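Protein chains: 2
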Amino acid sequence: MTEGWIRFETGVARGYGHVRLIGGKAWTMLTTMAELKGFEEHKGPTRDKGVEHGVRPGRTTWLERRQQEEAELGVTTQPYVVIVGGGQGGIALGARLRRLSVPTIIIDKNSRPGDSWRKRYKSLCLHDPVWYDHLPYLPFPEHWPVFSPKDKIADWLEMYTTVMEFDYWGSAECKSARYDDAKQEWTVEIVRNGKPITLRPRQLVLATGMSAVPTMPSVPGMEIFKGDLHHSSKHPGPDGYSDKKAVVIGSNNSGHDICAALWEEGADVTMVQRSSTHVARSDTLMELALGGLYSEAALKAGITTDKADLIFASLPYKVLPSLQVPVYAEMKKRDADFYARLEQAGFKLDFGDDDSGLFLKYLRRGSGYYIDVGASELVADGKIKLKSGVGIERIKERAIVFSDGSELPADVIVFATGYGSMNGWAAQLISREVADKVGKCWGLGSDTRKDPGPWEGELRNMWKPTHQEALWFHGGNLHQSRHYSQFLSLQLKARMAGIPTPVYGMGPVHHLS
Amino acid sequence: MTEGWIRFETGVARGYGHVRLIGGKAWTMLTTMAELKGFEEHKGPTRDKGVEHGVRPGRTTWLERRQQEEAELGVTTQPYVVIVGGGQGGIALGARLRRLSVPTIIIDKNSRPGDSWRKRYKSLCLHDPVWYDHLPYLPFPEHWPVFSPKDKIADWLEMYTTVMEFDYWGSAECKSARYDDAKQEWTVEIVRNGKPITLRPRQLVLATGMSAVPTMPSVPGMEIFKGDLHHSSKHPGPDGYSDKKAVVIGSNNSGHDICAALWEEGADVTMVQRSSTHVARSDTLMELALGGLYSEAALKAGITTDKADLIFASLPYKVLPSLQVPVYAEMKKRDADFYARLEQAGFKLDFGDDDSGLFLKYLRRGSGYYIDVGASELVADGKIKLKSGVGIERIKERAIVFSDGSELPADVIVFATGYGSMNGWAAQLISREVADKVGKCWGLGSDTRKDPGPWEGELRNMWKPTHQEALWFHGGNLHQSRHYSQFLSLQLKARMAGIPTPVYGMGPVHHLS
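Chains as they are written, first to last, in numbering that gives the first Met the number 0: chain A, 0 to 512; chain B, 0 to 512.
Be careful, since some hints might not be right.
[Said to hold, decoys possible] Pairs of lysine-lysine residues, derived as DSSO-like cross-links and limited to a Cα-Cα distance of at most 30 Å, are as follows: (1) A:Lys332 / A:Lys347; (2) A:Lys48 / B:Lys233; (3) A:Lys386 / A:Lys233; (4) A:Lys306 / B:Lys306; (5) A:Lys395 / A:Lys347; (6) B:Lys48 / A:Lys382; (7) A:Lys48 / B:Lys449; (8) A:Lys36 / B:Lys174; (9) A:Lys233 / B:Lys121; (10) B:Lys382 / B:Lys331; (11) B:Lys108 / A:Lys299; (12) B:Lys118 / A:Lys347; (13) B:Lys306 / A:Lys108; (14) A:Lys42 / B:Lys384; (15) B:Lys331 / B:Lys118; (16) A:Lys48 / B:Lys299; (17) B:Lys48 / A:Lys331; (18) B:Lys331 / A:Lys306; (19) A:Lys299 / B:Lys233; (20) B:Lys48 / A:Lys384; (21) A:Lys48 / B:Lys121; (22) B:Lys233 / B:Lys121; (23) B:Lys347 / A:Lys299; (24) A:Lys121 / B:Lys48; (25) A:Lys306 / B:Lys299; (26) A:Lys42 / B:Lys449; (27) A:Lys306 / B:Lys384; (28) B:Lys382 / A:Lys42; (29) A:Lys118 / B:Lys48; (30) B:Lys331 / B:Lys243; (31) A:Lys48 / B:Lys48; (32) A:Lys225 / A:Lys194; (33) A:Lys332 / B:Lys48; (34) A:Lys48 / B:Lys118; (35) A:Lys299 / B:Lys243; (36) B:Lys118 / A:Lys42; (37) B:Lys347 / A:Lys42; (38) B:Lys347 / A:Lys118; (39) A:Lys48 / B:Lys382; (40) A:Lys121 / B:Lys42.
In short, the hints are calculated from the structure, not lab data. Note that the coordinates shown come from a computational prediction; the quantities given were computed from them, not determined experimentally.
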């Protein structure tokens, strides 16, 4: 196989790409847009001067201009884009749009950037390593830890928002949005610091997060439970539960993290595993699955973050499983003892429907796995008790009753039961009709569990035009927030600049949520 | 001439150096310490993991540890170092000491990091370009403007303080400090948020800024002046002075900046030039004096910031003037028309006592120049009126009387009369006795104006042991804050670690201030 990088130009843009040739014929080919001609970002030799030298009566300072923009944008002038959701997705996109001079307001119901991380359970850390997590323009310094604690990443997001100088409205909740086809603009109703405000952007981005609409099963008896009962997204952490009986429903990342923290605090913990789960040990995952592109070794080999992102993107999703299967076969072999002990404890393991492992589970369904940073040993040892292969029948005042008739006393029940499709947000904010018109977000149509066919080839509705004009979805981990915000920002800039943007190959909607 | 880089090791440290050979013999040689063996900073492959994988009952989170440190340091535990002054100097040093695990508290009388910039006159921008201004560990992003506006650099300093995680006490004023020889510790009296606190560090760093003790001449009649009269450090900016008669005493950077801003606002402005001044046009200065090391072109040629700093440092101050003279001769030639027009307007120009220009003026006396970003044209055009070669005799209720008997009406008088030696701070905070023991800070002993001989060869008292045990001075522009904080932090760390630190060649004190 021969690989190579390409540069190309079209009438309106410049870009980079990557090709793989086998026997002189193209096997894979990626093209990505890097900049629109005439709208290049100012950087390096073209950076702004900062101060205008010379003498200018009526000159305003940088601070005065920033304050004026803050006072006017959304009040007397309208942003071109409104981004609902100020997590890493909204923030990365906001940075890029600022650099492209696209007037944008990010709104978030929390008061400070980073709060979506701060407010989670206290033991939360990134399960992705630092090399994979850089935001655009301002990489983490060299001493940044491999796995960022949640409050540290929150502080970084907050300072990033300040120094990238974009308009971030905290304590601003989006109540509704509707699109006026005739005017080609949105009416977005917001409550900011308790006061209603209407914004009228041309483009609306929902960056409300892949994990924003909690899935909370309805179980008979929930309302009579006398202890604490909450979804994992509201779990406060283990403090105060040291002598309590805790039951955590769910066996993905959050479920494991929460169980481990509760156990460390001294709680009596049971994990309820409803269906088989993929587990990958963090060290092994870093080495086998990510290390080639995102690691110190990769950097040493000249694979910068930008290059890694392009190589990563250059593998079509149709081809990707066949390349992932051997990685996870190696993982299964290397950690055979570990997996054996887990299974002995009753834990139901899988490596994905086709043994393609974690990343494809993430792309297909955004769930179904745990990156083990320690909790699996507690499960294997029986320190975290396991209840596997059973459903929940009902809840009593101080207990859970399972489908096999068994009963478990409980002081606290955590539903680590995941999140629904992002178009649930479109339904809430816009209308059921628009949500259905747009259809399911995320997933590839792989015809595997929770990702029904037919094959669609790209993540549904993400970072690209949808069946609702001027509505966009943005989300995912830090890598995706960084990488795909580039293409989404250029699509938005092109529309603002009046560059023709014909959309090819938009498929029909197959699934509603 | 042959140039080359060297790496070396001693028993306790690793370092880099640079040599220049002429005819096979060493002409210049620089050695710098990069790290202490056994106390290397964790970065890249040795970076921290962030989360501790595995299971640890009683585990604390990053946030809990940060909060605990904030609650305890300076209260129940003592810092090893106290840095008085949280401008760029204190901040850069604080970052390095944090990375070296030296418990440190920075105290600053302003409430937020960056306030020392925010509170200055509103048109203030850095006169040094971005390539010269990076802080350690976290360089500015590629789109950062060439000349940072003051509020933008202030925001950067504030976020830097947060993400570098050091203990910065805002609203904390140092009232006094005294050293106990027997205990080998300082007693530092502080008022923090209105409450007295005593700190007992082993080392005290005055990073109060080269520009921290304003020099305010005493002029008869000052007390009866009916208008506004203040030192440039307190100048609020031009707002409200649009129809006023303004007189600015002084013709260095601040004097010019303030005059230009007042003129832009519509004030009637007179600059009083007391002695000849060096003027370098910003563009010319960047190209001729800094461009070889700090510019896009330098970066393209592989001269990173670190390399540039070492090359810069590799020229001994004894040799430097002979290398600078041709640079400024070229400047004089290139901008001959400009200088002619300035002189025609009555402006008294110089290029330093030995025509060695701006940077040597900075090293010798920290004053005596203006980097022209526009005000000189106003002076040349007579838009800023000039009063040159006169002293100020006295001040009347609404006027200034000069030594030539002339009188100038004035609504506002700004004394842009500069700052005294940093050991003025030692006198204020510690004692006159200690200030005198330590002697003058800054300057080389070049026997030029404001830098009396004898030759000392290095900046007096800066970043190195002084005649007062455990007292250090740190200051200067962003470049110096970045570069010299490395060596100061290593000297402090070595002392904390108990590594022998004999001091060679400490000379006698020749000047008291």
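Non-conforming hints, listed in increasing numerical order = Violated hints (numbers, rising): 7, 8, 9, 11, 12, 13, 14, 15, 18, 19, 23, 26, 27, 28, 30, 31, 32, 35, 37 and 38; every other hint is consistent with the structure.
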